[in-house]
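A.B. asks: These protein sequence lines map, in sequence, to chains S and F.
Just so we're aligned: the first sequence equals residues 1 to 536 in my numbering.
Just so we're aligned: the second sequence equals residues 1 to 164 in my numbering.
A portion of the hints provided could be inaccurate.
When the alpha-carbon atoms are kept at most 25 Å apart in a straight line, the in silico DMTMM-like pairs for lysine to aspartate or glutamate are as follows [said to hold, decoys possible]:
hint, chain 1, residue 1, chain 2, residue 2
1, S, K426, S, E342
2, S, K464, S, E500
3, F, K159, S, E386
4, F, K18, S, E281
5, S, K484, F, E105
6, F, K18, S, E386
7, F, K82, F, E105
8, F, K80, F, E105
9, F, K150, S, D441
10, S, K238, F, E109
11, S, K396, S, E353
12, F, K150, S, D448
13, S, K260, F, E36
14, F, K150, S, E500
15, S, K260, S, E128
16, S, K238, F, E36
17, S, K124, S, D136
18, F, K150, S, E128
19, F, K150, S, E317
20, S, K124, S, E455
21, F, K15, F, E36
22, S, K270, S, D136
23, F, K66, F, D144
Facing chain F, according to a computed beta carbon distance under 10 Å, are these residues of chain S, among others [to be verified]:
hint, residue
24, Q33
25, Q116
26, F119
27, R121
28, I125
29, G208
30, G285
31, Q307
32, P313
33, Y314
Source of the hints: derived by calculation from the structure; they are not laboratory data.
Yeah, the Cβ is synthetic: ideal placement off N, Cα and C, and Gly gets one too.
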Amino acid sequence: MNLDDLADLAEQYRAIDANVEREVRVCMAASCQSSGAAPVLDALVAGLGESQPACKVKGVGCMGLCSAGPLVSIAHRDGSLEESTIYRDVTADDAADIIASLDGPPVERLRCPTDQPFFARQQKIVLENAGIIDPDSFKGYVAVGGYSALIRALSEMTPADVLREVTDSGLRGRGGGGYPTGLKWSTVAKMPATQKYVICNADEGDPGAFMDRAILESDPHRVIEGMAIAAYAIGANKAYVYVRAEYPLAVERLQTAIRKAKRSGFLGNKIGDTQFSLEVEIRLGAGAFVCGEETALMASIEGLRGQPRPRPPYPAESGLWGYPTLINNVETFANIAPIVREGGEWFASIGTERSKGTKVFALAGTITNTGLIEVPMGTSLRDIIEVIGGGIPGGKAFKAVQTGGPSGGCIPAQHLDIAVDYDSLKTLGTMMGSGGMIVMDETSSMVDVARYFMEFCMTESCGKCVPCRTGTQQMHSILDRLAKSQASRAELALLEELCEVVQATSLCGLGQTAPNPVLSTMRYFRDEYEAKLGDA
Amino acid sequence: MSLQQAKPPLPSDDKRWKLVNATMRRNGYADHALIETLHSVQDAFGFLDEGSLRFVAASLDLPLSKVFGVATFYHLFTLKPKGRHACVVCTGTACYIKGAGGLVERLQERYDINPGETTEDDRLSLLTARCVGACGLAPAIVIDGDVLGKLDSESLIAKLEELT
């Protein structure tokens with residue numbers, strides 16, 4: 001298959017819906033389903049029936065504004081099915097009103113204004129298909145240009161060309177570390193080995209993060225396409241997606257996507273009539289935060305306990321079963337198809353000097369608009385929280401935002417104007433992480449938050465190295481005593497010392513970053529720690 | 001594929017063992033299929049008992065200690081049977097900020113069980129999860145697989161009381 005054949009195929013799939021004037025799209029991602037999207041979809045399908053062939057009802061992926069779910073959007077043919085009205089908090093009873101309004105003005109009482117900053121200020125690359133295509137539909141993905149990047153790479157580019165585009169794009173790993181993706185790919189590509197592996201890390205153990213879940217539930221083919229391009233570039237023929245068992249819907253959609261891609265010749269043997277073959281297999285995680293750590297993740301795929309090992313050797317050299325292995329996160333792979341399609345330079349023109357492209361963030365906690373957003377790197381925290389997120393509800397004051405999960409830290413109000421990118425967050429003692437942002441208002445106690453994260457790290461420590469195993473336990477017991485106003489000043493000093501030791505001597509990222517929430521809250525909210533001292 | 005050893009007999013004539021065997025066969029009885037196999041045992045039987053661990057160990061030709069080590073390392077695997085219903089309270093950061101701790105305490109008080117335990121009449125298991133990824137609905141609760149959000153403790157208990 002060449003690009004022209006694929007374009008014909010896409011045209012054919014678009015023609016199926018050529019007579020459709022309107023689409024009624026119901027968000028069927030996990031969050032909206034939990035708020036009752038399935039009955040809404042059923043009611044709309046039943047209500048429209050066969051009576052209006054020009055109107056199509058379909059389930060789609062995440063539209064972003066989870067706090068207002070279930071969401072329904074109406075797209076009209078003019079503007080190529082793009083002009084949409086969005087309805088919020090829809091129930092099955094509203095279906096009749098929505099159907100009745102299709103030819104006239106929208107139902108005002110349900111309307112969610114699309115010109116509000118939450119929608120208007122976003123720039124979508126990773127999520128460009130989310131909320132628009134049916135994640136279970138292979139035809140739907142091809143119709144919007146899916147798999148053209150893979151076929152282009154296979155038919156018109158050498159692996160070196162692909163590596164160059166990815167390197168030029170300046171894309172950095174979206175799992176949290178921010179390691180340059182092009183460099184990682186090139187390292188694995190250079191390894192002389194007969195067998196290489198690609199792994200997609202879809203473990204997403206950070207509490208408060210749900211970007212990977214939403215991407216997999218909204219556009220699973222996009223991730224598979226990115227993995228296939230990566231496999232071609234580095235010379236692998238076997239790939240694994242390591243996905244959390246806690247995300248059953250994501251697993252199901254991924255399975256469907258792999259099956260359909262294989263049946264249509266985009267996975268499996270001789271993809272696109274070239275010599276390139278790729279098998280993709282799903283491996284289920286079993287609930288261990290440490291498996292986000294790449295060496296632990298590989299141990300888990302091998303059927304062992306998910307315990308990390310020292311690096312080097314890095315997985316690029318000796319990974320799964322000792323072979324060179326490329327591990328990237330879901331969002332990183334989801335960025336690949338647009339980079340190949342539009343070129344690395346285009347991608348590099350978005351974002352900041354050292355952090356290119358966009359980033360998907362999960363907004364949660366005490367914030368008006370909870371949900372998923374995608375903004376260019378370098379957007380200020382204030383814009384994200386106050387403008388896009390709609391600020392703090394209930395007239396309360398903003399206190400801090402926690403980024404990077406248990407490996408990150410808390411950012412106080414005085415630093416809200418910082419432009420968000422990998423390096424600026426590090427200067428504040430926190431990190432990008434996978435993109436979870438948890439907003440806290442004035443009622444949150446920071447000592448309590450630090451204790452919460454330490455309890456998390458303590459129970460999630462795999463126990464292999466002593467500093468992490470016993471250090472986190474000691475830190476937790478001091479924080480617990482602090483929270484109960486029983487700790488002395490000497491213990492507070494000991495806590496600081498422990499932070500340094502655990503950070504410097506732990507084997508893997510879990511232990512090395514476990515003290516971050518404590519250090520960052522101590523740095524910005526020292527007075528709260530002092531006020532909790534038992535002998536104060 | 002390597003030479004197949006004689007496979008151990010099924011622990012019982014329960015048809016669900018066929019599902020477990022199918023998983024192992026699909027993976028060529030390779031030792032790296034251990035986690036997949038344990039998932040399939042737990043999906044079929046609800047938990048992993050000693051008999052099933054022994055059976056899996058013998059089938060995959062692994063030492064029992066290793067199988068036990070893996071089964072106890074991962075949070076999702078449980079060696080205790082669950083009740084007829086399971087209530088999982090998400091204790092992720094967003095849910096914590098929105099009061100998941102209070103929900104767990106209230107449930108502990110009401111049913112006199114700790115997280116990970118089952119009521120004496122076998123009706124309800126109380127569990128906690130690290131993050132179910134439904135942060136927009138915080139505090140999120142999963143009752144028998146269905147995610148529910150934005151519940152307070154009284155409406156949650158009312159929902160649990162409705163279960164038979």
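A.B. asks: Hint by hint, which ones does the structure fall short of?
C.D. replies: Violated hints (numbers, rising): 1, 3, 6, 10, 11, 14, 18, 19, 20, 23, 25, 26, 27, 28, 32 and 33; every other hint is consistent with the structure.
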